[in-house]
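Same order as they appear, the protein sequences are chains X and V. Using the UniProt record's numbering, the letters of the first sequence map in sequence onto residues 1 to 124. Using the UniProt record's numbering, the letters of the second sequence map in sequence onto residues 1 to 124.
To be clear, the hints were calculated from the coordinates, so they are not data collected in a lab. Some hints could be false.
When chains are identical, the list treats them as one kind, so a pair holds in a single copy or across two.
[As the list claims (entries may be wrong)] Below 30 Å or equal to it, Euclidean Cα-Cα: the simulated DSS-like pairs (lysine-lysine) are: (1) Lys96 with Lys61; (2) Lys51 with Lys41; (3) Lys96 with Lys51; (4) Lys96 with Lys41; (5) Lys8 with Lys61; (6) Lys61 with Lys51; (7) Lys96 with Lys8.
Number of protein chains: 2
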Amino acid sequence: MDPDGVAKQFVDHYYTTFDANRTGLGNLYQESSMLTFEGQKIQGSTNIVAKLTSLPFQQCKHSITTVDCQPSGPANGMLVFVSGNLQLSGEQHTLKFSQMFHLMPTAPQGNFFVLNDIFRLNYA
Amino acid sequence: MDPDGVAKQFVDHYYTTFDANRTGLGNLYQESSMLTFEGQKIQGSTNIVAKLTSLPFQQCKHSITTVDCQPSGPANGMLVFVSGNLQLSGEQHTLKFSQMFHLMPTAPQGNFFVLNDIFRLNYA
């Protein structure tokens with residue numbers, strides 16, 4: 001599959017899982033994975049899932065506006081840059097967000113895991 | 001210098017140069033560099049500078065809101081994620097933007113070049 005197709009498939013899977021069952025995101029990360037969430041740095045799959053599941057809302061819905069991707073160089077990774085809107089349960093307004101992922105191949109299966117994840121709300 | 005310090009120094013240099021003299025950005029890119037600008041893919045320092053200098057405004061001023069950075073893995077690169085505001089000459093309103101850079105070390109000097117650059121406006 002072409003890189004844009006892989007990126008779109010990953011993005012669909014990531015946000016569908018986030019909105020349905022955040023603990024299901026754990027197998028996308030490994031112990032080397034890093035998340036910077038609104039400036040807070042978190043490392044490792046367990047800690048990242050703990051952060052995502054502790055966010056102070058029960059339900060949310062991500063709507064994706066743009067997905068850009070580029071190969072990230074010699075290690076055969078892929079950068080995925082996302083912008084979109086986030087609707088939280090009980091909130092009238094949506095929040096704009098931007099997020100980037102650095103996907104790295106997992107040997108030998110040919111899948112990817114998230115090595116880098118940076119999330120920011122763009123306060124409107 | 002710590003990674004956050006390197007990232008902030010790069011961001012200051014990049015946007016100061018962008019606002020003062022866009023052609024000066026050319027030496028931050030190499031022939032392998034990729035820019036995705038509002039979804040348009042451009043490769044190589046010459047083409048990237050041609051794109052940046054052809055943007056339809058004479059003057060602009062970037063104001064940075066957030067800078068996040070993470071090491072990008074085995075090749076000793078660094079991911080820098082920026083959000084901020086962009087004021088164009090002759091326009092009353094500022095535009096919000098998000099941009100990510102993947103900086104790679106240049107051997108043997110110990111500097112960095114921009115391997116990946118993805119830019120998006122977040123229309124408010």
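Structure-based check of each hint:
no.	hint	result
1	Lys96 with Lys61	both (12 Å within a copy, 22 Å between copies)
2	Lys51 with Lys41	within (10 Å within a copy, 34 Å between copies)
3	Lys96 with Lys51	both (20 Å within a copy, 27 Å between copies)
4	Lys96 with Lys41	both (21 Å within a copy, 24 Å between copies)
5	Lys8 with Lys61	within (17 Å within a copy, 33 Å between copies)
6	Lys61 with Lys51	within (18 Å within a copy, 36 Å between copies)
7	Lys96 with Lys8	both (19 Å within a copy, 24 Å between copies)
Against the hints set out earlier in the document, no violation occurs for any number.
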